[in-house]
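Could you build all of it, start to finish, from the sequences and the hints given here?
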Amino acid sequence: MSETEQTEIFVQQLAECQGRLFGYVYSMLGEHSRAMDVVQETNLVLWRKRAEFREGAPFMPWALAIARFQVLAHVRDQGRDKCLLDTELVAVLSDETERQVDQLETMRLALRRCMSDLPREKMELLRLRYYRAMPIAEIAKSMGRKADAVKVALLRARRRLADCMHRRMQEG
Amino acid sequence: MASPEINEFERLLFDWEDGTLDATGTTRLRDLLRTNPEVRKLYVDRQMFSAILKLDGDAGIGSSDTGHGGIETAVFSTSERDRLLPCADSENTVKVPTVLHATKDSVEGVDRRYTSLLLVVAASILFCVVLGRWLLVESRLQSAEQVKPAPNEVLPGKEEATSVGIALVTRLVDVTWHESEKQFTVGDALSVGVVGLESGVAQIEFFCGATVILEGPARLVLESSTVARLQSGRLRAQVPPAARGFQIHADDLRVVDLGTEFGVAVNEGEADVQVFDGEVELYQPNGEQRLVTAGNAITQAASGVVEPAELTPDQFLGLEALDDRVRNQKEDRYQRWLNHSMKLRKDPRIITYYSMEQDRYWKRKLASSVVPENRDLDGAIVGAKRVVGRWPQKSGIEFKRPGDRVRVNIPGQFGSLTFACWVKIDSLDRWYNSLFLTDSYQRGEPHWQILDTGQLFFSVRLGGGPGKGHHKVLSPPFWDASLSGRWLHLATTYNVETKITAHFLNGEKLCEERIPDELFVKQTCVGKATIGNWSSPTRPEADFAIRNLNGSMDEFVLFRDALKPDEIRDLFVQGRP
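For the record, the sequence lines run as chains A and B.
Just so you know, our numbering puts 74 at position 74 of the first sequence, and the rest follows in order with no gaps.
Just so you know, our numbering puts 316 at position 316 of the second sequence, and the rest follows in order with no gaps.
Calculated directly from the structure, the hints in this document are not laboratory data.
Even for Gly, the Cβ is constructed at its ideal location relative to N, Cα and C.
One thing to keep in mind: the hints can contain errors.
What the hints assert, rightly or not - Covered stretches of chain A (chain B as the covering partner; in silico rule of three or more C-beta atoms under 8 Å from a C-beta of chain B):
#, region
1, 81–90
2, 98–110
3, 115–125
4, 141–154
See the structure below:
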């Protein structure tokens with residue numbers, strides 16, 4: 001296989017795993033922009049180490065192993081002030097997260113179907129909170145509702161959507 | 001049922017994400033993660049969920065607006081369209097499959113499609129940057145794709161301008177509206193959207209036949225002619241058999257009526273449902289379903305737990321109680337108008353005033369209300385009928401047939417003028433629909449009428465050759481069929497000092513216009529004239545002859561002065577039914 005062909009396969013696999021990498025890193029860090037940074041660093045390391053990657057071996061476990069290392073490094077650097085998980089918790093939670101990340105695309109599609117069934121008000125709440133990353137206080141202000149009420153509504157919406165997502169995934 | 005630790009964890013995690021969790025809370029959160037395997041499982045679940053939403057948000061799925069970094073998704077833009085469209089339900093089912101198809105494509109297809117493109121870049125130094133920006137690139141590519149179908153999807157959105165209603169506002173008592181929400185008046189059709197009451201009571205009749213009495217402060221979201229969502233506040237619903245299946249959603253609870261009367265209250269995440277008559281079906285978010293029969297009540301705590309509760313029907317204002325309040329309000333408003341009218345009669349600026357309030361005995365005479373009394377100003381009712389006016393206590397005059405009219409004779413020379421009246425227009429059948437027209441329309445005589453386009457029309461005759469005989473001041477269209485049968489306050493001022501003519505609807509200025517010097521007339525007069533029609537003895541052409549109003553009038557006043565906007569506003573406020 002020519003070098004160009006090898007590079008092509010590598011880039012394709014790297015491209016395909018971006019969503020799952022983000023899913024893993026975000027789950028560990030819980031903060032959007034820092035998760036993006038760590039994914040970016042992980043990509044860089046993967047690219048540099050592409051020679052180490054053995055053709056035919058599964059790509060994802062290798063990428064996740066490197067991502068985990070990057071997350072641990074980030075948690076160590078940033079410390080407890082900024083990160084919810086410490087290195088110990090990252091270690092404890094990584095296995096379960098990696099298992100779930102495998103199903104990320106399936107979950108993504110299931111979730112979209114569930115969201116299309118959601119009442120408008122709930123969707124608007126989720127949109128502001130998750131897509132716009134708007135703080136609860138601001139959402140409450142923009143909708144003329146109390147922060148507590150927004151919180152209760154969002155918590156319920158999230159619970160309901162998560163349940164729906166799992167149901168849909170079982171349905172296939 | 002979730003354990004207390006799970007519930008606590010969810011709240012803590014939620015606050016942490018929001019950046020509002022303190023150090024103690026964060027420590028507790030970590031402890032829960034360390035000690036409880038169930039919590040750990042849920043943590044991964046919730047984080048994955050958030051990550052997916054973030055991915056979709058960043059990818060800008062469905063976004064047609066890349067300029068603002070478009071982070072709306074297809075699912076959500078669908079919902080936004082629905083909110084504007086009246087027929088939300090049918091739209092939704094049509095749109096969703098296409099959206100799913102498109103997003104499926106993008107999830108599985110885009111990566112591969114652009115791999116080759118990326119390869120070229122990969123060789124260069126830019127590679128790292130590109131990879132880092134991967135999600136952004138993906139988002140742009142998807143955005144670009146999503147832009148294409150947009151034109152097709154915009155079209156149904158445009159049609160929404162014609163507001164097809166799903167319910168009507170039938171009564172309002174002492175209502176103040178939430179300032180960020182739309183304001184409504186009695187008779188307004190409501191489409192999909194929010195009714196936000198700061199205080200007072202609104203009666204809303206859904207097209208399916210259900211009647212809802214909403215007590216402020218409250219926020220009700222109308223979703224269709226059979227579904228409404230109570231976000232906060234209190235309501236009582238009366239559902240006749242024809243409207244069975246009417247639903248009120250109280251946050252996560254779905255109350256489906258089986259033909260009855262029930263009350264719902266929502267406050268800070270807590271929901272109460274009380275059944276006064278008949279029975280309702282209650283659907284809980286966990287899929288549980290229960291029947292609540294007459295005389296029973298349930299309450300859902302903020303935690304989601306549903307329990308039986310005590311019935312308190314007095315807390316929910318019923319139709320009969322509302323009747324009393326409406327009657328009281330009507331009486332109050334009538335008295336307020338009467339007091340105001342008594343003062344108005346003595347205003348020295350008045351040329352003529354028909355309060356249309358008295359003279360039940362002189363049925364064919366429209367008595368002038370001007371004080372001191374001047375019987376020469378009395379009008380003669382021809383054809384037109386006396387009907388109930390703005391209030392049951394008071395009469396008005398109805399113009400229906402082409403001959404219906406009130407004849408008046410107003411001598412004198414004037415300068416500035418103000419016309420004002422309360423009118424209920426049934427329809428605008430004629431090219432010109434008369435409010436007040438002088439007979440011969442000679443120099444200095446005013447014509448006040450409404451065009452079939454719904455525009456107020458005012459002119460003062462200059463005289464001279466045809467066509468150049470006056471300058472007409474037209475308001476923007478203010479009337480359409482949705483205002484049919486509603487009492488409106490119309491006013492027009494003609495100011496000879498400023499040469500400005502201004503039109504007013506319900507106390508608000510519609511427009512004003514300065515009359516060009518060459519068409520301006522300083523001295524005005526009236527003489528023989530007609531209210532609600534036109535009598536033109538000097539010009540008997542058939543095509544001009546029929547200008548009868550199709551509707552009713554209740555109070556007509558003419559001043560020898562151009563009233564200020566706040567005075568016009570006061571006329572409206574004091575006389576509002």
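These are the hints, each one checked on the structure:
1. 81–90: holds (count 5)
2. 98–110: It holds, with 7 qualifying residues against the three required.
3. 115–125: holds (count 7)
4. 141–154: holds (count 9)
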